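Asker: Sequence:
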Amino acid sequence: MEPALYIVATPIGNLGDVSRRALEVLSGVSCIAAEDTRRTGQLLSGEGIKTPMLAYHEHSAPQVAEQLAARIAGGESIALVSDAGTPTISDPGYRLVRVMQDAGLKIVPLPGPCAAIVGLSGSGLPSDRFAFEGFLPNRGEARRRRLESLAHADATLIFYEAPHRIVATLEDLQSVMGDDREAAIARELTKSFETIRRAPLRELCDWVRDDANQSRGEIVLLLAPSKDERGAQLDPALGELLLGIAEHMPARKAAKLVAGYSGLPTRQLYDFLLQHRAG
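The sequence shown begins at 1 in the UniProt record's numbering and counts up by one.
Think of the hints as simulated: they come from the structure by calculation, not from any bench. Predicted model only: the values in this text are computed from it and were never measured. Beta carbons are placed, not taken as given, at the ideal position from N, Cα and C, and that holds for glycine. Heads up, a few of these hints could be off.
[Claimed, not checked] Subject to a maximum C-alpha distance of 25 Å in a straight line, what follows is the list of computed DMTMM-like cross-link-like pairs (lysine to aspartate or glutamate):
| # | residue 1 | residue 2 |
| --- | --- | --- |
| 1 | Lys106 | Glu66 |
| 2 | Lys50 | Glu2 |
| 3 | Lys50 | Asp102 |
| 4 | Lys227 | Asp154 |
| 5 | Lys256 | Glu133 |
| 6 | Lys253 | Glu171 |
| 7 | Lys191 | Glu66 |
| 8 | Lys256 | Asp154 |
| 9 | Lys106 | Asp128 |
| 10 | Lys256 | Asp235 |
| 11 | Lys191 | Glu47 |
| 12 | Lys227 | Asp172 |
| 13 | Lys191 | Asp271 |
| 14 | Lys106 | Asp154 |
| 15 | Lys227 | Glu188 |
| 16 | Lys106 | Glu76 |
| 17 | Lys227 | Glu194 |
| 18 | Lys227 | Glu247 |
| 19 | Lys253 | Asp235 |
| 20 | Lys191 | Asp179 |
| 21 | Lys50 | Glu76 |
| 22 | Lys191 | Asp83 |
| 23 | Lys106 | Glu35 |
| 24 | Lys191 | Asp206 |
[Unchecked claim] Per label pair, the in silico range of CB-to-CB distance:
| # | residue 1 | residue 2 | range |
| --- | --- | --- | --- |
| 25 | Ser262 | Ser175 | 17 to 25 Å |
| 26 | Arg98 | Ala55 | 15 to 23 Å |
| 27 | Arg277 | Met1 | 54 to 62 Å |
| 28 | Lys253 | Ser27 | 55 to 63 Å |
With these hints in hand, go ahead and build the complete structure from the sequences.
Answerer: So, in structure tokens, the structure goes:
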């Protein structure tokens, strides 16, 4: 194969989701850089592929990436795979991609499974705009602060969450976002016990809390966009402060300044100024 780093997406559950092109690449490259060689080995064994593997993961030394770049520069081809899904998505593989790019080497990304996108497609939540937020902080206080910063997001938010934290995270979401904010949980996607449910946070939280089975397996958590992203009501004192500052500088600059002070989105504050001027 042409010397390059091939970014190969692998199934997130159902092995039937592996693409023909992915199998061709995995069987044709010089070696496979795998996040977990044991897990990737199961996929390869099932397909009769005997390509050599080496480990590349979060704890790999920088020299490993440099060695892989040297091999490609010498004419070899290497495939990058993660435990499951698309490499570099909530995955340290992006560092390897950067090393290859900086060395002027070719990158060939292959399309394929990604739990975040699969969950979004089946969630019933708006998909015209979305943001992938990965894993939230482990600790409650840090997690709530992060959620507070996202409360007014005008896009569907997508998170990955560990089973042992899902109830606590849903409770924090309910506390920060309110009982009626719509959300969805997508669990064990493409597997035998796949579950997708959309509901207000109050209902979703009660359902997961009351059914231990919903705290098992791989989980994608999705949150509907805020309904107040344009012209949302501001605290009167904050609104007066913003209007006062905007008398001495451009509206966008004033909105950015107050956003840094209040934690609210710049766009929300800018829209407030525009609506006030229009009124």
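Asker: Hint by hint, say whether it matches the structure.
Answerer: Now the hints, each set against the structure:
| no. | hint | result |
| --- | --- | --- |
| 1 | Lys106 to Glu66 | holds, 15 Å |
| 2 | Lys50 to Glu2 | holds, 19 Å |
| 3 | Lys50 to Asp102 | violated, 30 Å |
| 4 | Lys227 to Asp154 | holds, 7 Å |
| 5 | Lys256 to Glu133 | holds, 22 Å |
| 6 | Lys253 to Glu171 | violated, 36 Å |
| 7 | Lys191 to Glu66 | violated, 37 Å |
| 8 | Lys256 to Asp154 | holds, 17 Å |
| 9 | Lys106 to Asp128 | violated, 31 Å |
| 10 | Lys256 to Asp235 | holds, 17 Å |
| 11 | Lys191 to Glu47 | holds, 19 Å |
| 12 | Lys227 to Asp172 | holds, 19 Å |
| 13 | Lys191 to Asp271 | violated, 44 Å |
| 14 | Lys106 to Asp154 | violated, 36 Å |
| 15 | Lys227 to Glu188 | violated, 29 Å |
| 16 | Lys106 to Glu76 | holds, 11 Å |
| 17 | Lys227 to Glu194 | violated, 29 Å |
| 18 | Lys227 to Glu247 | violated, 28 Å |
| 19 | Lys253 to Asp235 | holds, 20 Å |
| 20 | Lys191 to Asp179 | violated, 30 Å |
| 21 | Lys50 to Glu76 | holds, 16 Å |
| 22 | Lys191 to Asp83 | holds, 15 Å |
| 23 | Lys106 to Glu35 | holds, 21 Å |
| 24 | Lys191 to Asp206 | holds, 24 Å |
| 25 | Ser262 to Ser175: 17 to 25 Å | holds, 20 Å |
| 26 | Arg98 to Ala55: 15 to 23 Å | holds, 19 Å |
| 27 | Arg277 to Met1: 54 to 62 Å | holds, 59 Å |
| 28 | Lys253 to Ser27: 55 to 63 Å | holds, 56 Å |
Of the numbered hints listed earlier, those contradicted by the structure are 3, 6, 7, 9, 13, 14, 15, 17, 18 and 20.
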